[in-house]
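2 protein chains.
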Amino acid sequence: MTEPRPDSRPTLEAVAAHAGVSRATASRVVNGGDGVRTHLADRVRTAIRELGYIPNHAARTLVTRRTGAVAVIIPEPEIRIFSDPFFSRQVRGIAKELTAHDTQLVLLLVEDRGDYDRIERYLAGGHVDGALAFSLHADDPLPAIIRRIGMSTVFGGRPGWTIGPAEHDGVTYVDADNRGGAREAVRHLLAQGRRRIAHIAGPLDQTSAADRLSGYRDALAAGRPELFAEGDFTPAGGARAMAELLDRDPGIDAVFAGNDLMATGALRVLRESGRTVPGDVALVGFDDAEAVAESADPPLTTVRQDIEGMGRLMARLLMDTLNVGPDERTAPRPVITATELVRRASA
Amino acid sequence: MTEPRPDSRPTLEAVAAHAGVSRATASRVVNGGDGVRTHLADRVRTAIRELGYIPNHAARTLVTRRTGAVAVIIPEPEIRIFSDPFFSRQVRGIAKELTAHDTQLVLLLVEDRGDYDRIERYLAGGHVDGALAFSLHADDPLPAIIRRIGMSTVFGGRPGWTIGPAEHDGVTYVDADNRGGAREAVRHLLAQGRRRIAHIAGPLDQTSAADRLSGYRDALAAGRPELFAEGDFTPAGGARAMAELLDRDPGIDAVFAGNDLMATGALRVLRESGRTVPGDVALVGFDDAEAVAESADPPLTTVRQDIEGMGRLMARLLMDTLNVGPDERTAPRPVITATELVRRASA
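Protein sequence lines correspond, in order, to chains A and B. Per the working numbering, residue 1 is the first one in the first sequence, and the count goes up by one each step. Per the working numbering, residue 1 is the first one in the second sequence, and the count goes up by one each step.
The reader is advised that the hints may include incorrect statements.
Pairs count within a copy or across copies, as identical chains cannot be separated in the list.
Unchecked claim - When the alpha-carbon atoms are kept at most 20 Å apart in a straight line, the in silico SDA-like pairs for lysine to any residue are as follows:
id : residue 1 : residue 2
1  : LYS96     : ARG118
2  : LYS96     : GLY274
3  : LYS96     : ASP306
4  : LYS96     : PRO298
5  : LYS96     : GLY279
6  : LYS96     : ARG113
7  : LYS96     : THR46
8  : LYS96     : MET319
9  : LYS96     : GLY309
10 : LYS96     : ARG217
11 : LYS96     : GLU308
12 : LYS96     : PRO299
13 : LYS96     : ASP115
14 : LYS96     : ALA17
15 : LYS96     : GLU290
16 : LYS96     : ASP205
17 : LYS96     : SER295
18 : LYS96     : GLU76
Just so you know, the hints here were simulated from the structure itself, not pulled from any lab data.
Okay, chain A solo, but in the shape it has when bound (with noise of 0.2 Å):
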């Protein structure tokens, strides 16, 4: 993109023809110098004082103090963003609200603990206008960086971390309604007539995962026996704590699970372990993100989140943020967006 550039300005144009080079060489000393021979960049540099050249992105930083850019950090191991649809589809939506707004993403991934030195560096550094975090874990050091450098945030998910009093105050967040959506699958269990009900968690210093068990317990209130285990949000995690609760309760007639990815894995352990699904065990997801829970076999009924539109959400109240001065801002606010439990045949 060229900024719309007054007449008057001189071009990078006008900066090579009066030193004497190419326009790639001008280009290079603008940008740092890198590669071009000294009495070269001298000429430039000679140019660029005399014709009073601004380059381009200095000329937008000059004017809004902006990179135009914003960073989304992801808090998980690089192979679950890969390979959960959650990731994607929040991805997909948080770019296309930045796009609108002719903001550039920036992802930052952070694989383990020993990267957030690095994450902290570079967002003290100026080069993001502001930040999105989500799927964070209830000890992450993000949100005490964040705090540190000052940089206007919003968190996909409901805060979960302890860095200290108060520390959710000033917080803007967007979540689903985790608790109310856990708490209708559980009903349109108990409604089919399932009596023992058992739930595979989320990990559960992840808020995601304990309001859904908060969920769980809400529908079983009425006086059926609780029954879960902590899985990790994969397949794998969801077929481990499946074998473990079938191994704890041999009897289990339904189950929901805390995601559809542990849904499949909860699907295989019951094939294999020779029951039919929906016939034997009731099977009731979370997500129905690209086409995991359509896809299973049999199709999973879970509930929904608009993943996409919680994504655009979040960039939306951060450019709101950023576009206000200090004193126009509104109050930090939490925004929780409706589920939809989706009837397929699995339950």
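Start from chain A and add chain B according to the hints.
Only chain B this time, still in chain A's reference frame:
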């Protein structure tokens, strides 16, 4: 991370004490003043001046003129990036190598052509020290952008773009021996007595696809007729191409697919047509990334490329370039990594 700091340099704490504000407020001012009231910000700025404080990140930039970050640019729709394990594998290799150099990976998504203006602005804005780019198509604007702003870049895949005379001079890239690997795959099929060997090519505006087609032709040169259709490296594209090929020649007894995802699509179409694999039709893929080939039914014979290793190598070559002065640099050169035929049940 905190830079080692000689005792004589004033700390942020000292600035905060001098200004009579909290460390958090001082930090906000140092990082752009977002959300700090004017009179407080003024006091902090005065303290910074009086004490001669240099922020860590500025100090780092002053010393090294480096941002400590590298951009990874993949000009493919985000849906492809998240669904083809080739990309996650390559990114994993890059991430490992950059982490070893304490360098932040910044992933820039390119959804469509309109995004390039923004990418150019971001790259020209001094937010990264260099770039890694892979999966380019022939008409990709990225090489011209990179040349225009003079950014140190290593490419993944043999350059196939056309941006002017001598346009590939001075380009450093890493690629697999696509042609050799394809040749070996087809020779394996010939050695098993297969006579009518079809090829499902990737998008032929990518050199990886074009080179695999060349390898297929090399191996058939002995006299067998060639028969190929163009896919798009996705399962759906592989299925479409397979249907088209069966339509043109129902007597096909072997298929070499340009990647494993297209092979899985072909497998489905072969099954649906009533053909057995490998009985009626032998099938070979390309990649062997994650579990795609191994978990297919039957497991796929495929040409393995060291995708993660290529990612590491790209990052290492870039870091080498960044760590030496322009005069010490060796000439740019391609690095071609070996492929290996992995025999499984499908052929």
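Verification of the hints:
1. LYS96 x ARG118: Classified as between; 14 Å across copies, 27 Å inside a copy.
2. LYS96 x GLY274: neither (45 Å within a copy, 43 Å between copies)
3. LYS96 x ASP306: within (15 Å within a copy, 33 Å between copies)
4. LYS96 x PRO298: Neither, since 33 Å and 39 Å both go past 20 Å.
5. LYS96 x GLY279: Answer is neither; intra-copy 42 Å and inter-copy 47 Å both fail.
6. LYS96 x ARG113: Result: close only across copies, 14 Å inter versus 30 Å intra.
7. LYS96 x THR46: Answer is neither: 42 Å inside a copy and 42 Å across each miss the 20 Å cutoff.
8. LYS96 x MET319: Only inside one copy: LYS96 and MET319 sit 13 Å apart there, 32 Å across copies, limit 20 Å.
9. LYS96 x GLY309: Answer is within; shortest intra-copy Cα gap is 10 Å, inter-copy 32 Å.
10. LYS96 x ARG217: neither (37 Å within a copy, 42 Å between copies)
11. LYS96 x GLU308: For LYS96 and GLU308, only the intra-copy Cα distance (9 Å) is at most 20 Å; the inter-copy one is 29 Å.
12. LYS96 x PRO299: Neither. Shortest intra-copy (29 Å) and inter-copy (38 Å) distances fail the 20 Å Cα cut-off.
13. LYS96 x ASP115: between (27 Å within a copy, 11 Å between copies)
14. LYS96 x ALA17: neither (40 Å within a copy, 44 Å between copies)
15. LYS96 x GLU290: within (17 Å within a copy, 29 Å between copies)
16. LYS96 x ASP205: Neither, since 30 Å and 26 Å both go past 20 Å.
17. LYS96 x SER295: neither (26 Å within a copy, 34 Å between copies)
18. LYS96 x GLU76: Intra 22 Å, inter 15 Å, cutoff 20 Å: inter-copy only.
In this structure, the earlier hints numbered 2, 4, 5, 7, 10, 12, 14, 16, 17 are contradicted, and the remaining ones agree with it.
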